[in-house]
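Q: Could you slot chains B and C onto chain A? The hints should help.
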Amino acid sequence: MEQTALFEKIGGIMHGGDYNPEQWLDRPDILAKDIEMMKKAGVNCVTLGVFAWAVHEPREGEFHFEWLKEIMDNLYENGIYTILATPSGARPAWLDEKYPEAMRVDASGHRAHHGVRHNHCMSSPIFREKIAIMDRKLAENFADHPGMLLWHISNEFGGECYCPHCVKRFQNYLAEKFDHDIDKLNHAWWTTFWSHRFNSFDQIEPPYSNGEFSIMGLNLEWKRFTTWSMTDFMKWEISVLRDVKADVPVTTNFMKLYDGLDYREMAKELDMVSWDSYPAFHNDRETLAETMLENAFDHAVIRSMKPDRPFMLMESVPGAVNWHPFNKVKRPGAHRLACFQAVASGSDTVQYFQWRKGRGSFEQYHGAVVDHLGTDDTRIFKEVEEVGQLLKKIPDVAGTIPKNQVAMIFDWDNRWAIDDAMALAQETKNYEKTCMDIWDEFMKMGVEPDVISSDSDFSPYKVLILPMFYVLHDGVGAKIKDFVAKGGQVLATYFTGYVDKDLLCHLGGFPGDGLSEVFGIISEEIDTLYPTDRNAVRFTNGKVCEVRDYAEMLRVSDAEVLGTYETDYYGKMAAVTKKKYGEGNAYYVACRMAATDMKDLFVEVLSNAGIAGKDLPEGVEYHVRYGAEKSFEFYLNASGKQITLSGVSGKDLIGEKEISGELILDPCAVAVIEK
Amino acid sequence: MEQTALFEKIGGIMHGGDYNPEQWLDRPDILAKDIEMMKKAGVNCVTLGVFAWAVHEPREGEFHFEWLKEIMDNLYENGIYTILATPSGARPAWLDEKYPEAMRVDASGHRAHHGVRHNHCMSSPIFREKIAIMDRKLAENFADHPGMLLWHISNEFGGECYCPHCVKRFQNYLAEKFDHDIDKLNHAWWTTFWSHRFNSFDQIEPPYSNGEFSIMGLNLEWKRFTTWSMTDFMKWEISVLRDVKADVPVTTNFMKLYDGLDYREMAKELDMVSWDSYPAFHNDRETLAETMLENAFDHAVIRSMKPDRPFMLMESVPGAVNWHPFNKVKRPGAHRLACFQAVASGSDTVQYFQWRKGRGSFEQYHGAVVDHLGTDDTRIFKEVEEVGQLLKKIPDVAGTIPKNQVAMIFDWDNRWAIDDAMALAQETKNYEKTCMDIWDEFMKMGVEPDVISSDSDFSPYKVLILPMFYVLHDGVGAKIKDFVAKGGQVLATYFTGYVDKDLLCHLGGFPGDGLSEVFGIISEEIDTLYPTDRNAVRFTNGKVCEVRDYAEMLRVSDAEVLGTYETDYYGKMAAVTKKKYGEGNAYYVACRMAATDMKDLFVEVLSNAGIAGKDLPEGVEYHVRYGAEKSFEFYLNASGKQITLSGVSGKDLIGEKEISGELILDPCAVAVIEK
Amino acid sequence: MEQTALFEKIGGIMHGGDYNPEQWLDRPDILAKDIEMMKKAGVNCVTLGVFAWAVHEPREGEFHFEWLKEIMDNLYENGIYTILATPSGARPAWLDEKYPEAMRVDASGHRAHHGVRHNHCMSSPIFREKIAIMDRKLAENFADHPGMLLWHISNEFGGECYCPHCVKRFQNYLAEKFDHDIDKLNHAWWTTFWSHRFNSFDQIEPPYSNGEFSIMGLNLEWKRFTTWSMTDFMKWEISVLRDVKADVPVTTNFMKLYDGLDYREMAKELDMVSWDSYPAFHNDRETLAETMLENAFDHAVIRSMKPDRPFMLMESVPGAVNWHPFNKVKRPGAHRLACFQAVASGSDTVQYFQWRKGRGSFEQYHGAVVDHLGTDDTRIFKEVEEVGQLLKKIPDVAGTIPKNQVAMIFDWDNRWAIDDAMALAQETKNYEKTCMDIWDEFMKMGVEPDVISSDSDFSPYKVLILPMFYVLHDGVGAKIKDFVAKGGQVLATYFTGYVDKDLLCHLGGFPGDGLSEVFGIISEEIDTLYPTDRNAVRFTNGKVCEVRDYAEMLRVSDAEVLGTYETDYYGKMAAVTKKKYGEGNAYYVACRMAATDMKDLFVEVLSNAGIAGKDLPEGVEYHVRYGAEKSFEFYLNASGKQITLSGVSGKDLIGEKEISGELILDPCAVAVIEK
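First to last, the protein sequences are chains A, B and C.
Mapping the first sequence onto this note's numbering, position 130 (from 1) lands on 130, and the numbers just tick up by one.
Mapping the second sequence onto this note's numbering, position 341 (from 1) lands on 341, and the numbers just tick up by one.
Mapping the third sequence onto this note's numbering, position 656 (from 1) lands on 656, and the numbers just tick up by one.
The hints are simulated quantities; they were obtained by calculation from the structure and are not laboratory data.
Where hints are given, some of them may not hold.
Identical chains share a label here; the pair holds if one copy fits it or two copies do between them.
Stated by the list, open to error - Okay, derived cross-link-like pairs now, DSSO-like style, lysine-lysine, Cα gap no bigger than 27 Å in a straight line:
#	residue 1	residue 2
1	168	98
2	486	462
3	433	328
4	177	98
5	641	393
6	9	268
7	641	572
8	328	572
9	479	268
10	184	98
11	393	675
12	433	501
13	184	69
14	33	184
15	137	69
16	33	382
As the structure is a computational prediction, the values presented were derived from the model and not from experiment.
One chain only, chain A, in its complex shape (with noise of 0.2 Å):
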């Protein structure tokens, strides 16, 4: 097994942040106080230039460098690398100004006006050649510095456009996926339905607000349209920068799990990705521990974009952000977790939004690692020193990944489908919680499953999870149905294999597309229940698990019933069946259970494949790491209380003593066992 880290020249893991020295250039003495505290902090790199267009340039064909040349300069002198950001996230005002086509259009058709960021038209041409010029600009001033490690495109991609230009673009989308034949299209739309057959592509339009939005169909088309048009100009401004020096790397920022875009096509087109992470840590509703896990949850989506390599967290803060509803101090200690749970998730870097506050506009009070006041001896600065000296104890993680056989299938456009569908009930359909709560119940059991595409390689795992699987790809049914028959172990939920890529529905039984011979079922109906009903499944073991939400009723062809319904005009009815296909097993749950519920399935299933969980205390999270010669462990203590781990052997290098058998680690404690 190969080992590259991302960034040889950090020579580990890469600790840093936003810098936005174009703030103080009024102040040297403010900027020769960054370089002093960022040593103090062990920061080995930093991102320059995100948003920086109107100082770049502050009149139209007006450019100044100078400033930034000597920034990188003299930080590179201090042993600080450069991630350097293209300004497209942000557009001058002299920009909407006198081109106010590049300003997007939104839902009800109002163009916007300038202001606030991310909000430039993607298919804008004017927008395009001026982004091009400045990109052209900073690849020829900077792509050969020697600071210079990565491009870091725009900044947080999002939002969507309704202009002119872009209706255009996805009609030419439309008819480019349908062959230019406008009855393939009104067929997969099926619009005879309400009268809303189209004579030509011509005819079609983004659902505006005050528009279509009937079409589930044209829903999903204009979401993977904007992906697409969106992607589209990403891969613009990479093949400006690449045209002038192509070896330089280049990633963006994504959000977490925004649901705008699918992250999964942009990837595609980056070097490695990276991610800003803020989770809502101490809120009301949750403990630390299960904080973290959500975290770790979009930590592994991520990861799992490009699994053969590391990523990055772009950004993160060690103090309160300002745009939370409530925005809470991060506790002593809850900084040193989540560092180490992202470099634990397979991050090689460790970075912030952002070093040093701002003194006005927006994020004047985003948590920063210097604040107002100025100085190195407050809590916060002191916690991030205290993070990049343990960041220096683990130089050989970098490079190395995760290798886990357990894998969900989350796809983005089955979010959409399920989100837009008129069907169940909007208040509770909770997909994306409905699968964080069963890949959490892995991760109590040791168990990290990767959170794949359904276009995904199937091949590494033996364990494919299926939670509301709303939505089958052309050729995904035959997939699942191969890896089973070679076997693997798959689990499917309720709400799986209704639709075709289109949102057609499947005639003849669902879950549809040779699925229901899988598993051996057809489900006949869907119940959806009012939040305070319950129903229960009695299990052949004679345990009972409350049911909420939602519940199919089952004809059964040739599966074993695992647990009927309790009560209602379905009881006796199955709710859980397995079925024995080829080699390998499909386990099928008719209704929604709590995660913790369906443990026992999930042993079992795991217990099938031949894979060996572990006993973790309450509130502690394990993830592995393997390099070329070396595998790391990583322990991460959110329980709030000392735990004495059994079991464990190596050398904890953030300890640094060997551990063998116990293992003690106090609150907000982590250890990486080096084996």
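A: Below, chains B and C without anything else, positioned relative to chain A:
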């Protein structure tokens, strides 16, 4: 008494529903199976052509009716009649593309984009021209078809349009209404308030969301105009059809108590009324019997629009709908109960939306007789099949009608005016609920009230109930006075008789227009209670009942005080009064009590009127239909348990046996007793 | 001390209100009855002409004032004076029809339609031209009328306009403010953040709803500009009136603590301030005494705008209002209490909206002295009549004013900035409530604080309270330092001194601008608690008080620690401090506690300042007004029960007897003790 069934050709109760074969023209196997399955389910009529414009006329001026002809022929040959819809419910894309003025403008002044449905401008000349061509061709091709039963005009009319065309028509409508005298309008709308006087009708605009909303008279006339304009459009469609062949009857399908249109005005233009019923069965806030009663109220409102003939249940669903907040499956038997409730309430039809689920788009999961699974052995199909068989047992019911002696006044413009009134508390006005609760209380005593307009003929009735009868149309005060004087019983509540038809307050004491003389009281103040506030009424018999939300302080001139308030500064003041006026009695209930607490009053009123109630077990509904020679009593058991009724005699057409005294009904069972 | 009544001609307290005879010109019988009933109710002044433009000038250039002349004459002959309004609160339809640019544009960029009220563009030249013609004619016709007392400029100014005219004026306003130096603005608004630098003032737009909302400085200046622009319009009206006759005084009626306009700026242009008071009496969330105290706070804010003279209660309602969520009737006696609270707080008037209820439109149910019933024997009329009689007992109170030694700083732009700050938790910021709760606590000790601006003169005061004093205007840090140094007592809370007037954070520690030296502390972090989170403060005397919402972590340099946190990672850290600075003391309360829990601190502060409190029974309010020779103590019993007060001496003008020691007050009773 004459007895005329709505559809002689059907020879009994119609059973059928919406059928959209145009979605399956590429699947002749499915079309063939449909006929076969319809016959199995006892379907004798289907509704064709709803939303079929894009299939009828795929390009402007290019018409295709062969497919429809073939299907109508085929259905007819198999004993299945057709209700044919005009397709104005949604426009084809080519029409909106070429004639955007056919699309509606919303209250913010924005023209809609193409899409969805029910969004045409009612005034658009080009839209009228295009639909006239279409309707004429439909009539020419199908009016004489032997299977043709009825025209179904458009579909679920609704909404409103603020386009320049409609604004102009609104101004003309007002000029007409106020005799082209702007000062008449100024006085009626009290426009001197806030300097709102108009100099000409041209200055008046509809209540745009960013315009005038503070003239109550204008708001009300805009709603009246919208009804007028929608009716005018409907009349246009009807006139085109009648021009080709005058004797095919017409209807359109109403939506429950839809607030946007005064259905009573529209009903005048129709040969029979029909509506679409979608109760939220088995919800989390009430019992099945309560849900049923709400639906029975809706039946009563619709029925009372054409009291001399049966109505139609045009749409209902055998399974789950797909657009409720929670789309729960209809439990076994509930379908039977709902279908027989329609017939019991006066419907000659039981129809569904729809026959077969489409594969895609907005209603792909709306319940249907035939599921995506496509077989005739599903639970739902079998329940429909059973209803089909049972309906065949009661052919003589067709054409019979109820004859009720109690009426509740429920005016559309009273709803609008109460809703818009800047008084009381928006949150607790609950006009409709107040009416329904009182109506239910009568039903529980086995006495079904009609639900009529204040413009209706009062002479068939002995009792009039006036809940929150806020608006008095011209002459209604005198009509009520006359009704009581001649021996009628009237019971009114708080918030009665405050304003005239233009919403000007009566001077000299509420209730105005002579009613304070009839009731012998004047309401000096009305108190609005917070939801946690309580008062109570102590009746002369010592009974004490809780008061919530509203309480009027009465000046009693010459009425008997039946109850007084218990607390607050109006403790001891009159809360419930009775006055003998002429040969009748006038009761006034000055505060909001639970309808159940008003039962004693209702009993007294019925007793005064010589109307005998019935001792019904909880959860059992009772209706009667009268024919030329026979009458039919309906018993519906929505109690959830087996019920034994006594005092029943006659032939139970469902159970097919003579009943003399005791009738046993299983849960969800129905009995139809012929007398 | 000089004593000048606002209106010498009135000879005591004014009693009256809005009167709209123009709605009844066709009913001379009603107009005659009005005069007769006014006299019975002790009305000595009415407000005419509010919203009368369409009657004054029914068509452009056609003026009618005869009716008004006749009514003013008639009133005057009956001893009733007139306050005359300019009618700019709403425009006639002909004006908007011909000059649509007079109508406002909203934040989404849409021009309003004609209608409603208070929706003119403050910058529109044509609107200014038209209102100038009108105002000049009113002045020419009525300024010399013997019954004329005061100009009432427009009505309840409010709202904002985003039209091109206003945008241009905003840009000019900014250019003026920032010395035509765009870089000055760029620095003040920290525009380098997110690439928001402007190259010229022309590029700046207001915060459109689909535009820039992320520059805090811009948001704040937009609000300041709106106040400036509205004031400029008001000054225009005043200048026209003064041009005709300079010595008629002017006012306009404010709306409570209306957030949209900094009333203190407007007040500078007025001869006296007046406001409209509509508390939600008898609501479900607080006692009557609490509702009264909230209203007293509003009186204090308004009064402090012109501390050297009385103010006016321009509008209030004797019964129920019609636009509250719940329009509950005012209970007997509450009206008396409210009227005397106004006078006790420093008002020389008790006025109502309105005299007689109109028959139609938006406010037909708004409480009035005369109901639709039209008689003088209603409960409401009789309560008004009683107040009229009681006010006649205290003529000498007119012109007296309070003299308070405690002041709370409450700045409009502090409200705006806190509200807009991206920090803390939107849901729990509660700036106004925090101020009111503290103010109430002083009131309960018999000490009424003024509520002043940070730009006010601090010299009349011994104690300054600074709750959440986030924004420091230029020089205010020094002013406070000076105040304390010279012996003043200051008490500030968390979230104080974070930013300067442009909302740039102070560097080097909060509170900035020298205040950390005064308090001897620096706030290093501020924690935002979830609503269910709790901490506590343990005071040195052992008392423990609950902490919610916010808690700062202090670095104490040279202050005495009065209390420390109990739990969490900042347990044992300082929560409340005190520093002797110069001759005075500076207290800092770093966290949110209930105002009742801060009482000990307040007692200490008052004691330091030598201010004696009063031992008041719960629910009794106490105010004092001082005149040239006499002072008047007001006792208001809002406790709901009979109260016996001790230590009272002087003549009770209401009870008309000498009190020496014991004063007994019935529920809702008031006493005015002359000394």
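Q: Given identical chains, is residue 168 near residue 98, meaning Cα to Cα at most 27 Å, within a copy, between copies, both, or neither?
A: both (23 Å within a copy, 18 Å between copies)
Q: Within, between, both or neither: how does the pair residue 393, residue 675 come out at a Cα-Cα threshold of 27 Å?
A: within (15 Å within a copy, 81 Å between copies)
Q: What label fits residue 177 with residue 98 when the C-alpha limit is 27 Å: within, between, both, or neither?
A: between (35 Å within a copy, 26 Å between copies)
Q: At most 27 Å between alpha carbons: which applies to residue 479 and residue 268, within, between, both or neither?
A: within (22 Å within a copy, 61 Å between copies)
Q: Up to 27 Å between alpha-carbons, please classify residue 184 paired with residue 69: within, between, both or neither.
A: Close across copies (26 Å), not inside one copy (55 Å); limit 27 Å.
Q: Under a CA distance limit of 27 Å, which applies to residue 641 and residue 393: within one copy, between copies, both, or neither?
A: within (24 Å within a copy, 73 Å between copies)
Q: Since the copies are identical, ignore which copy is meant and state whether residue 486 and residue 462 lie within 27 Å (CA to CA) inside a copy, between copies, both or neither.
A: Cα proximity of residue 486 and residue 462: one copy only (10 Å, versus 80 Å across).
Q: Should residue 328 paired with residue 572 be assigned to within, between, both, or neither, using CA atoms and 27 Å as the limit?
A: Between copies, since 19 Å is at most 27 Å while 49 Å is not.
Q: Could you place residue 433 and residue 328 in one of the four classes (within, between, both, neither) given a Cα distance threshold of 27 Å?
A: both (23 Å within a copy, 22 Å between copies)
Q: How would you label the pair residue 33, residue 382 (within, between, both, or neither) given a Cα cut-off of 27 Å?
A: within (16 Å within a copy, 76 Å between copies)
Q: Indicate which option fits the pair residue 433, residue 501 if close means a Cα-Cα distance not exceeding 27 Å: within, between, both or neither.
A: within (23 Å within a copy, 45 Å between copies)
Q: With 27 Å as the alpha-carbon cut-off, assign the pair residue 137 and residue 69 to within, between, both or neither.
A: within (13 Å within a copy, 69 Å between copies)
Hint violations for this structure: none, all hints satisfied.
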